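Engineer: Residues per chain, in single letters:
There are 2 protein chains.
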Amino acid sequence: MRVSELFLPEVRDALKTDPVAIRELVEEIHPADTAEIFLGLSEEEQLIFLKALPLTPQVEILEELDDDLRADLVEKLAPEMAVKLVAEMSADERADLFHELPAQLAAKILGKLSKDDARDLRSLLAWPEGTAGALMTTDYVELEAEMSVAEAIERIREVAEDVETIYYAYAVSPEGSLRGVVSLRALVLSKPDKSIADLMDTEHLVTVHGGADQSEVTQAIAKYDLLAVPVVDDAGRLLGIITVDDTIDAAEEDNTEEVQRMSGVAPLEDSYLKAGFFQMIRSRGICLVLLFLGEMLTGNVMSQFEETLQSVIALVFFMPLIISAGGNTGSQSAGLLIRALALGEVVPKDTLAVAGREVASGIVLGVILAAIGAVRVLFWPDLNGQVALVVGLSLICVVVFAALMGGLMPIAVKKVGFDPAVASTPLVATLVDIVGLLLYCLIAQAILSGGGAS
Amino acid sequence: MRVSELFLPEVRDALKTDPVAIRELVEEIHPADTAEIFLGLSEEEQLIFLKALPLTPQVEILEELDDDLRADLVEKLAPEMAVKLVAEMSADERADLFHELPAQLAAKILGKLSKDDARDLRSLLAWPEGTAGALMTTDYVELEAEMSVAEAIERIREVAEDVETIYYAYAVSPEGSLRGVVSLRALVLSKPDKSIADLMDTEHLVTVHGGADQSEVTQAIAKYDLLAVPVVDDAGRLLGIITVDDTIDAAEEDNTEEVQRMSGVAPLEDSYLKAGFFQMIRSRGICLVLLFLGEMLTGNVMSQFEETLQSVIALVFFMPLIISAGGNTGSQSAGLLIRALALGEVVPKDTLAVAGREVASGIVLGVILAAIGAVRVLFWPDLNGQVALVVGLSLICVVVFAALMGGLMPIAVKKVGFDPAVASTPLVATLVDIVGLLLYCLIAQAILSGGGAS
Numbered sequence: 000m001r002v003s004e005l006f007l008p009e010v011r012d013a014l015k016t017d018p019v020a021i022r023e024l025v026e027e028i029h030p031a032d033t034a035e036i037f038l039g040l041s042e043e044e045q046l047i048f049l050k051a052l053p054l055t056p057q058v059e060i061l062e063e064l065d066d067d068l069r070a071d072l073v074e075k076l077a078p079e080m081a082v083k084l085v086a087e088m089s090a091d092e093r094a095d096l097f098h099e100l101p102a103q104l105a106a107k108i109l110g111k112l113s114k115d116d117a118r119d120l121r122s123l124l125a126w127p128e129g130t131a132g133a134l135m136t137t138d139y140v141e142l143e144a145e146m147s148v149a150e151a152i153e154r155i156r157e158v159a160e161d162v163e164t165i166y167y168a169y170a171v172s173p174e175g176s177l178r179g180v181v182s183l184r185a186l187v188l189s190k191p192d193k194s195i196a197d198l199m200d201t202e203h204l205v206t207v208h209g210g211a212d213q214s215e216v217t218q219a220i221a222k223y224d225l226l227a228v229p230v231v232d233d234a235g236r237l238l239g240i241i242t243v244d245d246t247i248d249a250a251e252e253d254n255t256e257e258v259q260r261m262s263g264v265a266p267l268e269d270s271y272l273k274a275g276f277f278q279m280i281r282s283r284g285i286c287l288v289l290l291f292l293g294e295m296l297t298g299n300v301m302s303q304f305e306e307t308l309q310s311v312i313a314l315v316f317f318m319p320l321i322i323s324a325g326g327n328t329g330s331q332s333a334g335l336l337i338r339a340l341a342l343g344e345v346v347p348k349d350t351l352a353v354a355g356r357e358v359a360s361g362i363v364l365g366v367i368l369a370a371i372g373a374v375r376v377l378f379w380p381d382l383n384g385q386v387a388l389v390v391g392l393s394l395i396c397v398v399v400f401a402a403l404m405g406g407l408m409p410i411a412v413k414k415v416g417f418d419p420a421v422a423s424t425p426l427v428a429t430l431v432d433i434v435g436l437l438l439y440c441l442i443a444q445a446i447l448s449g450g451g452a453s
Numbered sequence: 000m001r002v003s004e005l006f007l008p009e010v011r012d013a014l015k016t017d018p019v020a021i022r023e024l025v026e027e028i029h030p031a032d033t034a035e036i037f038l039g040l041s042e043e044e045q046l047i048f049l050k051a052l053p054l055t056p057q058v059e060i061l062e063e064l065d066d067d068l069r070a071d072l073v074e075k076l077a078p079e080m081a082v083k084l085v086a087e088m089s090a091d092e093r094a095d096l097f098h099e100l101p102a103q104l105a106a107k108i109l110g111k112l113s114k115d116d117a118r119d120l121r122s123l124l125a126w127p128e129g130t131a132g133a134l135m136t137t138d139y140v141e142l143e144a145e146m147s148v149a150e151a152i153e154r155i156r157e158v159a160e161d162v163e164t165i166y167y168a169y170a171v172s173p174e175g176s177l178r179g180v181v182s183l184r185a186l187v188l189s190k191p192d193k194s195i196a197d198l199m200d201t202e203h204l205v206t207v208h209g210g211a212d213q214s215e216v217t218q219a220i221a222k223y224d225l226l227a228v229p230v231v232d233d234a235g236r237l238l239g240i241i242t243v244d245d246t247i248d249a250a251e252e253d254n255t256e257e258v259q260r261m262s263g264v265a266p267l268e269d270s271y272l273k274a275g276f277f278q279m280i281r282s283r284g285i286c287l288v289l290l291f292l293g294e295m296l297t298g299n300v301m302s303q304f305e306e307t308l309q310s311v312i313a314l315v316f317f318m319p320l321i322i323s324a325g326g327n328t329g330s331q332s333a334g335l336l337i338r339a340l341a342l343g344e345v346v347p348k349d350t351l352a353v354a355g356r357e358v359a360s361g362i363v364l365g366v367i368l369a370a371i372g373a374v375r376v377l378f379w380p381d382l383n384g385q386v387a388l389v390v391g392l393s394l395i396c397v398v399v400f401a402a403l404m405g406g407l408m409p410i411a412v413k414k415v416g417f418d419p420a421v422a423s424t425p426l427v428a429t430l431v432d433i434v435g436l437l438l439y440c441l442i443a444q445a446i447l448s449g450g451g452a453s
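Read top to bottom, the protein sequences are chains Y and Z.
Residue numbering for the first sequence follows numbering that gives the first Met the number 0, beginning at 0 and increasing consecutively.
Residue numbering for the second sequence follows numbering that gives the first Met the number 0, beginning at 0 and increasing consecutively.
To be clear, the hints were calculated from the coordinates, so they are not data collected in a lab.
Predicted model only: the values in this text are computed from it and were never measured.
A virtual CB, placed ideally from N, CA and C, is assigned to each residue, including glycine.
Hints are not guaranteed to be accurate.
[Unchecked claim] Taking beta-carbon pairs under 8 Å as the criterion, some of the chain Y residues facing chain Z (in silico):
1. V19
2. E294
3. T429
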């Protein structure tokens, strides 16, 4: 049972009678759980709940909510309260909120922020969604390399309340260039009079560029086991940092989008049960209709071979078997490649190696299925070896084609700049259906055209 | 370009002439990059490289390698060197290694470890793979609640070299029960004479049970933005901790397995390009053959309706269209639900809500496709309204069935204890093909049985 379900009845009671009890309860539990309780309340209750709390937990709740829910809530608040809350938010969460706010309200709140906050906010908003710049925060510990360890720890204590993490501190030159990174671990383990310059990492610093894709950030943090990664511009100036917890959230979102694209669904903005019905229909419908129009070509293909099919109707009985074998093989190859590309295990220059692997796999798998298929045909009443040959040969051709197509489509899609997951199973299957049926009919016509076969 | 590709030529040169240069190079770069360079070397070069290094970087390389590569390497080392390296590894990495070592070698090395290390190792090895217990390490900072902050920091300095993280410290009772958690942040920001008991979190501590699935660990760390989570037994005794970097690696593995299962591939142990050819064939072949055998039923279904199909051969032309519309819809539903289950957004008690949502979506999507399909039939030469009715009705029925099946299968698979991703697109598509064709043929027979239709 979730913490929130445990507390919800108690909170509902307290809302009517005793707002102080709410304050006490919220002190005891984690903001993530408070946010869950909050989401379980009605709109009216949410506002009473929020007003019963001091500023800090108010902001914590706001920061835990999803971007769109957060924007909805801020729109409903009285303008003074909205400004007060937004001013207290961390820089990165504030920027995420502004991406969702109506322009008028955003401008109004922006005008009320401190000069520094407003400048930071503008610089964060300049980065497109999905980039490191959009994910970073400007709330980090900045040191000078000339400081001693004791001075650095003093600085960390002063700014701790306002930064995203104190576990890494960044030494910056007067021009704003990142000179080195020092961990709180190193500071605590070192003598107090040692200089930061002697302690900090300077060589081969792991950094990401503001314009880098957020998946690059995840890969850097995962590879080097970091708690945060600094974001820099072309000139090496420190722009902000991205902490591991934000990376985890971003990676989870990326994975969800990948799986949804792979399944032929345009990524949903909300979770499955919360997404609006018509949003869901649109996300699915556009893709389904496009695939449906493409699949119509299968009818045109088959009608060209009406005579052959009519004369040996049994050919029709094996049609779904052949196209589904192709579809399944293509789905396997596409899934393997989409994932390998996402992990950086395969890069576009591996195209030839992938093609070789898929053709070889396709031949082996195709021959196995062809053998099974041909045997099945031979056990079918009144069918002869010619039909078995048609089915077997078609299976080999279709499976090899599907493996190659499934393997190369994600790479091609990536090369032209889209998410490889767009080369979804449904898309691959549709192409394989059309080409597969054409191959099947051509092979059938070539082999059976001589004499009647059934 | 990867760091490793940059350095590889230099390393190769140094291997032949100047082992000291290798030592210097390795000091400059991150162990993750050293491991990549290492992997680029031949087997023979790897051993020379390793022997050129001091113990610490040797162990770091070993810890960065994948489990199976690591085991291969240890098997190739001289027994004394293997023991020395294994003794220095962190507890969790050592346990991962032992899962892969041949029993004889494992027993031999185990006998040479210190008593404490051997006991920890045995307790870690007892947990099945994929559980929190198998992921945790026993190398953490243990405090007594009665300590002062200054004493705690002193303790942390003493043990820092041997623990996985110093950013959290765990207060444990004499019986081994977890009493509270305190962060290095709290210690650094607090007065030195304050008591740990006053500082540590005790209420609603986030912990996971040793037997919990590793996806629960990821969810806890992601939800509460933790750097590590403590693992406890039934009695609340602290067994170990899991750090965020290990969670990220585990989550990445889980995601890869999810995508591969969804695509109808048994999870590969290695990356796409490194997996052995026959391992790949087995991973794909078993699934393909099983689906192929299932799909054969489509032939049996159709042969029951041979007469109807023969008399209106145009029915055949729309067959792939109808089953692919079902397959695509089922793939969408399965993908959405597999992901929603993995994120905990949908739990089994939501089954009815999911069924309602999928039937409603299926009806709307089915009607849209049916309208397009029926129009296409009417524009087909020589086909009448009856065939349009057959195609339209079938599309609605098949799409609704596919949506429902795709939505419920992942939940059902989870209920019986398997990974929901086993309810893969290929599996759903195969079931939808069989039922879809049956529906199509039945509807065709019912509507067309009266008179000739073409």
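Engineer: Taking the hints in turn, state whether each one holds.
Structural biologist: Status of the hints after comparison with the structure:
1. V19: Not OK, violated: V19(Y) not within 8 Å of chain Z, min 18 Å.
2. E294: Since chain Z brings a Cβ to about 5 Å from E294(Y), closer than 8 Å, the hint holds.
3. T429: holds (6 Å)
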